[in-house]
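For the protein sequence lines, the chains are P and Y, in the order given. Counting from -19, one number per residue, gives the positions in the first sequence under our numbering. Counting from 5, one number per residue, gives the positions in the second sequence under our numbering.
These are computed hints drawn from the structure, not numbers from a lab. Predicted, not measured: the structure shown is a model, and the values here were computed from it. Note that the Cβ used here is the ideal one computed from N, Cα and C, for glycine as well. Some clues are possibly wrong.
Unchecked claim - Derived SDA-like pairs (lysine to any residue); straight-line CA-CA distance at most 25 angstroms:
| no. | chain 1 | residue 1 | chain 2 | residue 2 |
| --- | --- | --- | --- | --- |
| 1 | Y | K62 | P | N100 |
| 2 | P | K136 | P | R116 |
| 3 | Y | K60 | P | S(-7) |
| 4 | Y | K46 | P | H(-17) |
| 5 | Y | K193 | P | D93 |
| 6 | Y | K60 | P | L33 |
| 7 | P | K(-18) | Y | L28 |
| 8 | Y | K68 | Y | S88 |
| 9 | P | K132 | P | T102 |
| 10 | Y | K33 | P | A51 |
| 11 | P | K(-18) | Y | P43 |
| 12 | Y | K46 | P | L14 |
| 13 | Y | K181 | Y | D72 |
| 14 | P | K36 | Y | Y12 |
| 15 | P | K36 | Y | K181 |
| 16 | Y | K60 | P | S0 |
| 17 | Y | K68 | Y | R192 |
| 18 | Y | K46 | Y | M5 |
| 19 | P | K136 | P | H76 |
| 20 | P | K(-12) | Y | V172 |
| 21 | P | K(-16) | Y | L18 |
| 22 | Y | K93 | P | N100 |
| 23 | P | K96 | Y | D100 |
| 24 | Y | K19 | P | G50 |
| 25 | Y | K193 | Y | K68 |
| 26 | P | K(-18) | Y | D31 |
To be verified - Some, not all, of what chain Y presents toward chain P, calculated at C-beta under 7 angstroms:
| no. | residue |
| --- | --- |
| 27 | T11 |
| 28 | H39 |
| 29 | L42 |
| 30 | M44 |
| 31 | L104 |
| 32 | D107 |
| 33 | N112 |
| 34 | G195 |
| 35 | Y197 |
| 36 | A210 |
| 37 | G212 |
| 38 | V213 |
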Amino acid sequence: MKHKITLKVNGESITKEVDSRLLLVHFIRENLDLTGTHIGCDTSNCGACTILLDGKSIKSCTYLAVRADGAEITTIEGVAPEGTNHPLQQAFHDQHGLHCGFCTPGMIMRSIDLLKNNPNPTEEEIRWGISGNLCRCTGYNNIVKSLQQAAKEMQKEKEPAV
Amino acid sequence: MIPANFTYHKATSLKDAIALSQTLGEDAKYMSGGHSLLPMMKLRFATPEHIIDISKIKGLSYIKEEGDLLKIGSLTTQTEMEHSLLIQKGYPIFSDAVKLTADPSVRNVGTIGGNIAHGDAANDQPSLMLAMRATIIAEGANGKKSIPIDDFFHGFYMTALEPSDVLVEIQIPKHKKGSGGAYHKVERKVGDYATAGVAVHVELDAGGVCRQIGIGLTNLSSVPLRLSRAEDLLKGKKITEDLIVQAGTIASEDCEPTSDLRGSEAYKRSITKTLTERMLRSALKRATS
């Protein structure tokens, strides 16, 4: 059975027909061609498929596309205007927060939610905060540094210019 | 991995959900957060023909104190529990548990009600509910019912809920002076099922005598387990270090673990003893501070 769903993806309103069993990650990658969202474990362990749904990080491999009807979705493609970097993207670049890069989109989407709820996290809070996102290359130290740099940058942005 | 074919139905109200369930019969399953059910469907361990999505029903997400009770709406997410100041201040046992449940992105979707209704002894909330002597409120074709937690878990993935019943609320005795609880589980890694978990909740009178105690075990039997023999030992007494150690020994004897990849039966009995002792000490500390 097909269901018509309407949702906002990276600011753009989209209406599509989806099967009951279509997973949100497949909808994003295959129906919308937004391939920045990755599929890693496909069992809600690794976090490579993390996106924002109504501002909260979720694992899109464990969410039915049909349930996203009426929602606002942000994927890695939508975090910053074309040609510019989100402070988290810039920080991952500056701090070498990636080697192969497979986990990076999910790691950044998760980090946006983390820093929104806790703009100035301790190292321990960062490590717990990204505990649902696995990286097999970096050993996490540079990812933690990336979040620390981004947290600083993003707080600076919030302060009014004097 | 893609689930087997099914038909999705969105329930717009509790009434609508129950009516859908009655029409569709036993081949329909309710889905709230879906973070237990959908993984099972992807692995084809579960192949319901119909999914009734109850996650969009309004008015089932709240945490409030009313009269003598803490009331938690079943669709409250784990994250909402984690961020609730009421929970952080008055019910730290939940904060202990929630931060060890899966990971933050899963907690953004997974609900407290779903964690209980799934009937999995490996989930964290059931043992907390046993420790705090919760009452489960469900609504179905035969109206509203109130189920004491000791009558709720029937077996592996089996609960007192009938097919059309929606778990709507969890009621827990309100925090009072002299009460406190603690939870910890040993897990190999974030997101794994517990190797062993222990929840303790105590209520002391003004003289420090234990008036009420609940001890619940996670993933140490096919159903969430109440440690009745240890509760009987401690109730009505001033809980001393000696009694704590005795309760720990009972825990290691009365739990029913099986050897698996997470550890041998002997190892699990040993950590259950240690966890029981530690959780008793932290619950007492919280009850007296």
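Against the structure, the hints come out as follows:
Distance check on the hinted pair: K62/Y and N100/P sit about 33 angstroms apart at the alpha-carbon level, beyond 25 angstroms; violated. For the hint pairing K136/P with R116/P, the CA-to-CA distance comes to about 31 angstroms; that exceeds 25 angstroms, so the pair is violated. Straight-line distance between C-alpha atoms of K60/Y and S(-7)/P comes to about 21 angstroms, which keeps the hinted pair within the 25 angstroms bound. Under the criterion of a C-alpha separation no larger than 25 angstroms, the hint pairing K46/Y with H(-17)/P is consistent with the structure, at around 20 angstroms.
In summary, the hint linking K193/Y to D93/P is supported, as the alpha carbons are separated by about 22 angstroms, within the 25 angstroms threshold. A distance of roughly 14 angstroms separates the Cα atoms of K60/Y and L33/P; the hinted pair therefore holds under the 25 angstroms criterion. At most 25 angstroms may separate the alpha-carbon atoms for a hinted pair to count; K(-18)/P and L28/Y meet this at roughly 18 angstroms. With a C-alpha separation of about 10 angstroms, the suggested pairing of K68/Y with S88/Y holds against the 25 angstroms cut-off.
Restraint check for K132/P and T102/P: the C-alpha separation of about 12 angstroms stays at or below 25 angstroms, so the hint holds. Between the alpha carbons of K33/Y and A51/P the distance comes to roughly 23 angstroms, so the proposed pair stays at or under 25 angstroms and holds. Restraint check for K(-18)/P and P43/Y: satisfied, since their Cα atoms lie roughly 22 angstroms apart, inside the 25 angstroms limit. For the hint linking K46/Y to L14/P, the alpha-carbon distance of about 22 angstroms falls within 25 angstroms, and the restraint holds.
The straight-line distance between the Cα atoms of K181/Y and D72/Y is roughly 13 angstroms, inside the 25 angstroms bound, and the hint therefore holds. A hinted pair counts as satisfied when its Cα atoms are at most 25 angstroms apart, and K36/P with Y12/Y qualifies at roughly 23 angstroms. As the CA atoms of K36/P and K181/Y are separated by approximately 36 angstroms, the hinted pair breaks the 25 angstroms bound. A threshold of 25 angstroms between alpha carbons decides the hint, and for K60/Y with S0/P the separation of about 16 angstroms falls inside it, so the pair holds.
Simply put, K68/Y and R192/Y have alpha-carbon atoms about 34 angstroms apart, too far for the 25 angstroms limit, and the pair is violated. A distance of roughly 5 angstroms separates the Cα atoms of K46/Y and M5/Y; the hinted pair therefore holds under the 25 angstroms criterion. For a cut-off of 25 angstroms, the pair hint linking K136/P to H76/P stands: about 22 angstroms separates their Cα positions. A hinted pair counts as satisfied when its Cα atoms are at most 25 angstroms apart, and K(-12)/P with V172/Y does not qualify at roughly 30 angstroms.
The straight-line distance between the Cα atoms of K(-16)/P and L18/Y is roughly 23 angstroms, inside the 25 angstroms bound, and the hint therefore holds. Between K93/Y and N100/P the alpha-carbon distance is near 22 angstroms, which keeps this suggested pair within the 25 angstroms criterion. A threshold of 25 angstroms between alpha carbons decides the hint, and for K96/P with D100/Y the separation of about 22 angstroms falls inside it, so the pair holds. For the suggested pair K19/Y and G50/P, the alpha carbons sit about 22 angstroms apart, so the restraint of at most 25 angstroms is met.
This hinted pair does not check out: K193/Y and K68/Y have alpha carbons roughly 32 angstroms apart, beyond 25 angstroms. Between K(-18)/P and D31/Y the alpha-carbon distance is near 19 angstroms, which keeps this suggested pair within the 25 angstroms criterion. Nearest Cβ of chain P to the Cβ of T11/Y: about 5 angstroms, under the 7 angstroms cut. The hint holds. About 6 angstroms separates the beta-carbon of H39/Y from the nearest beta-carbon of chain P, less than 7 angstroms, and the hint is met.
A cut of 7 angstroms between beta carbons decides the hint on L42/Y: the least distance to chain P is about 5 angstroms, and the hint holds. Hint status for M44/Y relative to chain P: violated, with the closest Cβ pair at about 11 angstroms, above 7 angstroms. Taking 7 angstroms as the C-beta cut-off, the interface hint given for L104/Y is violated, the closest approach to chain P being about 10 angstroms. A hinted interface residue such as D107/Y counts as satisfied when its beta carbon comes closer than 7 angstroms to some beta carbon of chain P; here the least separation is about 2 angstroms, so the hint holds.
Checking N112/Y against chain P by beta carbon gives a least distance of about 4 angstroms; that is within 7 angstroms, so the hint holds. Using the Cβ-Cβ criterion of 7 angstroms, the hint placing G195/Y at the interface with chain P is satisfied: the shortest such distance is roughly 5 angstroms. Hint on Y197/Y is violated. Least Cβ distance to chain P is approximately 12 angstroms, over the 7 angstroms limit. The interface hint given for A210/Y is broken, as the beta carbon of that residue sits about 38 angstroms from the closest beta carbon of chain P, more than 7 angstroms.
The restraint placing G212/Y at the interface with chain P is violated, with a minimum CB-CB distance near 34 angstroms, outside the 7 angstroms limit. Taking 7 angstroms as the C-beta cut-off, the interface hint given for V213/Y is violated, the closest approach to chain P being about 37 angstroms.
Comparing the model with each numbered hint stated earlier shows that hints 1, 2, 15, 17, 20, 25, 30, 31, 35, 36, 37, 38 do not hold.
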